[in-house]
Amino acid sequence: MNVAADAPTDGEVMGLLIEETRRFLAREVDPAAIEASGRIPDRVVAAAASAGLFALTIPESHGGLGLPLRSAGTIVAELARVDRSVATMVGLHAGLGTRSLVVHGSEARRARWLPALAEGERVGAFGATEAGEGSDLQAIRTIARPEGSGLRIDGEKSYVTNGGFAGLYTLLVRTPGLGGERSFSMVCVPRETPGLSVGPEEDKLGIRASSTVTVRLDDVYVPSDHLLGAPGAGMDLAHEALGWGRVVMATGCTGTARYALDATLAHVTARRQFHRPIGDFDAARLQVSTMAATLFAMESLADRAASAAEAGGDLTGLSAAAKVFCSEGAFAICDAALQLHGAMGFLEQTGVARALRDCRITRIFEGANDVLLVHLGAGLLVARARPETPTSGHPAFDEFDHRLARLVAENRAEFGVRGTQRQLLTSRLARAEVCALAARASLDRAATEPESAELAAFAVEQLTREGHRQLDALRFIQEDERAAAALSKRAYSPWASGRSA
Amino acid sequence: MTTHALLVDPVARAVPSDDEIRARAVQLLATILERDPATVQQAHSLRADLGMDSLSALEFLSSLSHEFNIDLEVEETYGLTTLNEVVALVTQRVRGSR
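Just so you know, the sequences run in chain order L and W. This note's numbering numbers the first residue of the first sequence as 1 and each following residue consecutively. This note's numbering numbers the first residue of the second sequence as 1001 and each following residue consecutively.
Treat the hints with care, since some could be wrong.
[Said to hold, decoys possible] Pairwise CB distance ranges, derived in the manner of DEER restraints:
no. : chain 1 : residue 1 : chain 2 : residue 2 : range
1   : L       : P68       : W       : A1043     : 42 to 52 Å
2   : L       : D219      : W       : Q1092     : 18 to 28 Å
3   : L       : D236      : W       : N1084     : 20 to 30 Å
4   : L       : F476      : W       : E1076     : 28 to 38 Å
5   : W       : V1015     : L       : P68       : 28 to 38 Å
6   : W       : R1035     : L       : R384      : 22 to 32 Å
7   : L       : E481      : W       : N1069     : 18 to 28 Å
8   : L       : A483      : W       : Y1078     : 51 to 61 Å
9   : L       : P200      : W       : Q1092     : 30 to 40 Å
10  : W       : Y1078     : L       : D236      : 39 to 49 Å
11  : L       : T448      : W       : R1035     : 33 to 43 Å
[Unchecked claim] Calculated from the model, a selection of chain L residues having no Cβ within reach of chain W, i.e. all distances over 12 Å:
no. : residue
12  : G164
13  : G195
14  : A383
Hints were generated in silico from the structure; no laboratory data involved. Values in this document were obtained by computation on a predicted structure and should not be read as measured data. Just so you know, even glycine gets a beta-carbon here, dropped at the ideal spot from N, CA and C.
Isolated chain W (complex conformation):
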């Protein structure tokens, strides 16, 4: 289960660490794919390793957008192929830079 965004301490929510972003992304992904988070690796390809298609990838990106209260524009999600790349984008957006 993921924690509802409103229940998270606002300070912590404002500046999640890189590790925290990574861990929450893995947790969200594991929930969507119904698999053990321990089996998800950062270097995993969304498609070949995790078996995601474009629709499940959109669900994942949308969940991240909700979880971290960030707007992910469609254009910036083009070309994402690994979990690492997704986490890097989310981290960048959480930090407010583009």
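Chain L on its own, in the form it takes in the complex:
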């Protein structure tokens, strides 16, 4: 028997897995009922495990499917088309919840935990954020001190997704005794470890069935091999895992947006007003076309980021751009979907209201978009060189891309390192860069998908216009800074004096 000939190809494996995922969704997942119950039922978690959904990115050597990030993202997008809470559970597990262990765990710990994680016996969670610190990871106070042959950990992590039922927590902690006074390290803590406790579930605007809790660590002791990577390398590991996780989240956003677009297409072709389907009105046509073009660009950019993750290298900028673009795109598409449904969209029965509130969080978690944009822009201003990209052959895009490169260089020469602290400068440059990356990814995808040429052209046109708008706004930075400083000072003063009184 020729084993090699019988072995399924990667494409066949993905085909089967997508079918299995759809079967799981059809049989087990009623998004309205799950949302109403406020938690993902145990039977749904068990069915997800049976369908192999916790095994996506766990290496085959340790009981997983060993899928590349692109493929895992495809499955998360499938899930997000139906239920964003379930997609968040699986996506977080495949991304932040297990990534650092897969890449940096000791072989003994990988052998111990990864098979259970692949089986869904343990679900992965990740904790970096702490109460009051938000996106400022440098301000983390949870501390792990070397003691004997292990680490003694005290502190608290907030907004821990999957935290209520997770079996393994990967935590970013301060480790002043390891690798420098202000060093950080990444450490795994199993659920059953004495001293680890989980707070009540948070009541949220969206993804209401997704588990979000505070995790407390009181005098928790773990052996030193629970440490991931080199002592003191925690911040690097966290950024690496966040880069990976943001790509998974971006792909999830494409799933939610696909659902909202499909629901809208069904509605505008069936719903009649003024003697014709509402989809026949020019204004509705433009909205639907913009939704479709935005989704095309989202899928193209998420796919580009996932491919870059597979190729290795620094994902920071590209994953942040994909996360920002896809989370904002999904929200805009869901909002347009709701608007095109009219008053019916405001009713729960259509499902678009749930999609809208479910995707709102993606603009905030795993790095608030505002913060990511400022960082992305600062990165542009201090990059050793903007990666050379060949001209696309699309004159309007190439003109915009050159204008962006020229303005980055001019601002860098004018302001030096000071420019990195001007948030209106960095965020506007970053928004233009996000447009450029999304447009470029769309053009490249269209080159291999001739049937998408028209949609891609429209997407590139919209993105180029928006990119120019951001660059035009660079001229107003000084006056915007001045106005914002004066107006906010006046607005804040009653509140600030009230506090000091």
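Following the hints, put chain W in place on chain L, whose structure we already have.
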């Protein structure tokens, strides 16, 4: 708190001593990192000892640039790893040499 540049005596501001540059750099760094200046040492690595990432390092360099009214070009900040190296660069730029 740091003194506003405009309130500093212009003569003293024109020629801060090496010690003064060092002390003001440490003070700025301590403010950014919210820590006691006494715990900051010149030989400290920005990353391993002080826990700075590229963004907090940029904030520090930018503050120095404001404080001493110097233009720090992006290229000359590449490769800085310790507080000593930062202070040496700032001193050199304050003295007007490159």
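Going down the list of hints, with the structure as the test:
1. L:P68 - W:A1043: 42 to 52 Å: 44 Å, holds
2. L:D219 - W:Q1092: 18 to 28 Å: Check failed, 49 Å falls outside 18 to 28 Å.
3. L:D236 - W:N1084: 20 to 30 Å: Holds, at about 23 Å.
4. L:F476 - W:E1076: 28 to 38 Å: 30 Å, holds
5. W:V1015 - L:P68: 28 to 38 Å: Given about 60 Å between the Cβ atoms, the range is violated.
6. W:R1035 - L:R384: 22 to 32 Å: Distance hint for W:R1035, L:R384 holds at roughly 30 Å.
7. L:E481 - W:N1069: 18 to 28 Å: 19 Å, holds
8. L:A483 - W:Y1078: 51 to 61 Å: 35 Å, violated
9. L:P200 - W:Q1092: 30 to 40 Å: 57 Å, violated
10. W:Y1078 - L:D236: 39 to 49 Å: Once the Cβ atoms are compared, 18 Å apart, the range 39 to 49 Å for L:D236 and W:Y1078 is violated.
11. L:T448 - W:R1035: 33 to 43 Å: 53 Å, violated
12. G164: It holds; L:G164 is separated from chain W by about 31 Å at its closest Cβ, greater than 12 Å.
13. G195: About 25 Å separates L:G195 from the closest Cβ of chain W, which puts it past 12 Å; holds.
14. A383: 9 Å, violated
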